[in-house]
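Protein chains: 2
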Amino acid sequence: MHTNRIRIVLVHTSHPGNIGGVARAMKNMGLGRLYLVQPKRFPDHEADWRAASAQDVLADAVVCESVEQAISDCHFVVGTSARGRRIPWPLQNPRQCAPQIAQAADNGEVAILFGREDRGLTNEELQQCHLHLNIPTSEAYSSLNLAMAVQIVAYELKMHEVGEGDPAEAQWDAPFSTNEEVERFYQHLEQTLVDIEFLNPAAPRQLMTRLRRLYSRVRLDEMELNILRGILTETQKWVQRVKSSKE
Amino acid sequence: MHTNRIRIVLVHTSHPGNIGGVARAMKNMGLGRLYLVQPKRFPDHEADWRAASAQDVLADAVVCESVEQAISDCHFVVGTSARGRRIPWPLQNPRQCAPQIAQAADNGEVAILFGREDRGLTNEELQQCHLHLNIPTSEAYSSLNLAMAVQIVAYELKMHEVGEGDPAEAQWDAPFSTNEEVERFYQHLEQTLVDIEFLNPAAPRQLMTRLRRLYSRVRLDEMELNILRGILTETQKWVQRVKSSKE
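Quick note, the sequences are listed as chains A and B, same order.
With this note's numbering as the guide, the letters of the first sequence map in order to residues 216 to 462.
With this note's numbering as the guide, the letters of the second sequence map in order to residues 216 to 462.
Treat the hints with caution; some may be incorrect.
Which copy? The list can't say, so a pair holds if one copy fits it or any two copies do.
Quick list of in silico lysine to any residue cross-link-like pairs, SDA-like style, CA-CA up to 20 Å [to be verified]:
1. Lys458 - Ile411
2. Lys458 - Pro314
3. Lys452 - Val409
4. Lys458 - Arg434
5. Lys255 - Leu404
6. Lys452 - Tyr401
7. Lys458 - Gln318
8. Lys461 - Glu437
9. Lys452 - His227
10. Lys452 - Gln406
11. Lys452 - Ala274
12. Lys452 - Glu324
13. Lys458 - His260
14. Lys452 - Gln318
15. Lys461 - Gln451
16. Lys452 - Arg425
17. Lys255 - Thr218
18. Lys461 - Arg310
19. Lys452 - Asn349
20. Lys458 - Glu412
21. Lys255 - Asn441
The hints are simulated quantities; they were obtained by calculation from the structure and are not laboratory data.
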């Protein structure tokens with residue numbers, strides 16, 4: 216993904232802390248290009264503080280006089296918006312529009328606009344956009360913090376980039392057991408439960424079924440299987456000691 | 216979705232501003248239950264300020280002395296984590312685990328744990344979780360702000376709620392065990408492994424950690440827990456028989 220062709224444009228931001236929070240949110244998700252349209256206070260120590268290790272994003276930020284200036288070389292512009300504008304625009308959630316943004320960035324410059332803390336983007340600004348983006352929220356409190364909104368959109372771009380995949384599978388520290396190995400474990404378990412007289416072979420009820428269902432949910436790895444079989448073997452030895460002491 | 220059964224647990228938070236940011240992020244996405252384990256400063260005006268219109272979430276926040284206390288009545292616990300722990304746990308991104316969290320909340324109390332700003336959750340805390348959650352980030356700067364991390368996870372829960380809805384899952388036939396019940400099982404298991412001399416308390420190695428990881432992957436139901444504890448009790452009787460025959 217051409218993340219270097221995606222710019223985040225903050226329009227008339229009041230609080231410098233939010234600018235810093237946006238810079239950090241961007242860098243955390245691999246974005247680096249920040250445009251500021253008439254920020255109230257910038258640069259500012261509060262922006263620096265909230266940016267933490269994203270000082271480079273702040274240092275490279277481009278301050279503009281107007282939205283037009285900030286997006287003049289862009290061929291795809293997305294505007295974030297609360298619902299309920301008078302003239303409905305194509306409206307998508309961040310997940311829906313992430314692939315479109317990524318695809319547009321393959322072909323040229325892309326801008327994502329975020330409005331004022333209190334009033335968002337004006338209708339005039341929104342009408343310069345190809346697509347409107349709406350982040351689903353609770354009806355009880357729908358006003359997202361600016362940096363949070365950027366974080367969510369940047370996260371969706373990152374999720375699009377990394378794709379689905381199974382992170383757990385990729386980094387497990389032991390090979391998973393084969394079906395055959397697990398079957399031998401079940402036989403060993405059943406025999407041990409008979410040995411310790413927990414399982415009556417004449418009336419087994421659903422005991423082994425329940426234990427199979429339990430362990431099949433885990434996907435045992437080989438080390439775990441060795442531990443479990445080691446426990447069974449030790450347990451059987453104690454039964455043997457009792458029996459041989461009686462002989 | 217039973218959002219009222221999902222609690223956000225912040226562990227040893229240093230900055231009150233983050234607590235406020237979390238409260239707002241939660242309420243924006245329809246979550247309301249905040250637990251604070253030994254917060255450094257709370258209540259605090261910075262928390263109030265950042266919470267904006269989520270003062271009710273702060274007012275209802277439950278301050279706890281320990282993680283155990285915060286999750287004792289939970290039957291499903293998720294811990295947020297950076298990658299690269301020595302013993303990897305089942306690891307999912309927020310999108311993958313949102314349906315599981317929602318489903319677990321249909322059946323009982325659920326906790327999502329977020330760690331310290333600088334060091335996250337300890338290995339010990341993570342080992343109390345059924346699932347580890349990792350938010351994909353840029354390798355260049357992977358340290359997310361705490362409130363941002365909560366925002367992303369809460370957003371994924373909201374997306375799950377507004378989304379198509381998950382394919383109907385067969386209803387489970389027994390209630391799932393609470394965290395407290397599972398902890399008692401681990402203690403019983405450990406004692407039994409010591410009794411049968413499979414586990415040497417002087418050199419325990421990673422045995423209990425591996426067994427915890429194994430069983431936490433399953434989400435034990437109450438009937439399974441009873442079976443496992445029944446096996447342990449029977450096993451201990453055989454050890455007792457050997458020992459009393461020697462006396």
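**Asked** Hint numbers the structure violates, sorted upward?
**Response** 2, 4, 5, 7, 8, 9, 11, 12, 13, 14, 16, 17, 18, 19, 21
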